[in-house]
Every structure is written in structure tokens, then in C-alpha cells.
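J.: Listed here are the chains, written in short residue letters.
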Amino acid sequence: LAKTTQPISMDSYEGQEVNITCSHNNIATNDYITWYQQFPSQGPRFIIQGYKTKVTNEVASLFIPADRKSSTLSLPRVSLSDTAVYYCLVVGGGFKTIFGAGTRLFVKA
Amino acid sequence: GAVVSQHPSRVICKSGTSVKIECRSLDFQATTMFWYRQFPKQSLMLMATSNEGSKATYEQGVEKDKFLINHASLTLSTLTVTSAHPEDSSFYICSARETTSGGNEQFFGPGTRLTVL
Chain A
7 LAKTTQPISM DSYEGQEVNI TCSHNNIATN DYITWYQQFP SQGPRFIIQG YKTKVTNEVA
67 SLFIPADRKS STLSLPRVSL SDTAVYYCLV VGGGFKTIFG AGTRLFVKA
Chain B
16 GAVVSQHPSR VICKSGTSVK IECRSLDFQA TTMFWYRQFP KQSLMLMATS NEGSKATYEQ
76 GVEKDKFLIN HASLTLSTLT VTSAHPEDSS FYICSARETT SGGNEQFFGP GTRLTVL
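Chains as they are written, first to last, in the numbering used here: chain A, 7 to 115; chain B, 16 to 132.
A portion of the hints provided could be inaccurate.
Stated by the list, open to error - Partial list, derived from the structure: chain B residues whose beta carbon lies under 10 Å from chain A: (1) Leu59; (2) Cys109; (3) Gly124; (4) Arg128.
Treat the hints as calculated values from the structure; they're not laboratory data. All residues carry an ideal CB built from backbone N, CA and C; glycine is no exception.
Between the sequences and the hints, there should be enough to build the whole structure, so can you do that?
T.: Right, here's the structure in full:
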């Protein structure tokens, strides 16, 4: 299972763009990169998933370089409600998902 | 996206009793479900992988006789905490992977807060 490394915490202000980078040096060929958001006392919520290059949806963008050894979650114009823990996971088809420590994002007014 | 529910959302029990937590995939079939435990300000820790129609696979250090898992159908998995003790108090979260559409997305339940007195 590929191990992921993320910053433990990040601070930002409302309206700013936030980029959270995750390293996964031993990612396998059939692994996908998935990001989840978790609020206190709630289950993780799926944000975005990608395999390579760039993926964008209505809430975030995911940038993955050609070597796929890292990825960056980009949250445009964050608000106070984006304060949460963000997890980067590497998921290989059908296999169990192991969570790393995650990144605690704190958005200030 | 697909929905996973858990019941109950919160339970308080006395030490020594058993508690059952249900995890359901509401609009998709899940041959595999996962059970996690999360302590305050910590990450999710995988406890076991639940496979429909077969025995669960437990992670190292997780007592299979204490945490009984049953995955009797493609939409329901249950976790029973037997002879619960205060140290079992935690936030239990299940998840299911939706694979019929060819995707690789994992959906999580809202969690169950267990408090053992």
C-alpha cells in the first residue's frame, strides 16, 4: 500500500485559494489518488479523484504530475465552512483504503 | 453520489454489554465494506474488511472475537462490539466501495459515536 505524506496543518483566510500537496512516492500503476474532507463527528466526504494530469469538479481541482509521485488539491476561494481535515489517499482497485494523518485546514475570517 | 447509512448514530451503553452497529449501502450493492475507528483528533484506523458471504479480514491488533463483523447481504454489514469497555468508546465509521459502474470511489457512512460507561 502506498503511503502518503501531507502537511499536518494549514491556515488560510476567506477568499484565498488553498493548495494542499500530498506525496506518494511508491504509488503503483493501477492506483488512483483520492481526496476526502472530514468535519468533526462526521464520516469523510469524497472531494475528488484522479489518475494523472488535472481533474476539476465543482468544488476542487486535482493536479497530478507525470511521475504521479505527488498530487495537489486546490480549493478555490475558501470559506469558513471549508475548515476541516483533508485526507489524501492512494487507492488501488478493490483493495483496502488506509488513511494517513491528514491536513487540518483552518480558514480564518 | 451513492449513500451509505449507519445506525444508530449515537449509542451509550454500560460496560460489559454488547452493541451492534449497522452499515447499509442505500442505492448500490457493495460486495466489500470497511470498518474504521477514530479517536478524538486522530485519523481513521482501519479495523477490518467485510466481504459479503465470507469471513471478515481483520487488521493486525484488532480482536476478531471482540469486534464481530457480519456481511450477510450486498447492502448490509454489521459490527458488534462484544463485552464493551470504556476503552472501546470511539467513533466507528463504515464505508463501501461502489464497483459496479467501474469506478473506484469509496463512500463513507456518517459514523456512530459509541460511549461505554
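J.: Now tell me, hint by hint, if it's right for this structure.
T.: Hint check results:
1. For B:Leu59, the interface hint holds, since its Cβ comes within 10 Å of a Cβ in chain A; the closest pair sits about 4 Å apart.
2. Below 10 Å, beta-carbon pairs count as interface contacts, and B:Cys109 has one with chain A at about 8 Å; its hint therefore holds.
3. With 10 Å as the threshold, the beta carbon of B:Gly124 comes within range of chain A, its nearest partner Cβ sitting at about 5 Å, so the hint holds.
4. At about 7 Å, the closest approach between the beta carbon of B:Arg128 and any beta carbon in chain A falls short of 10 Å, and the interface hint on this residue holds.
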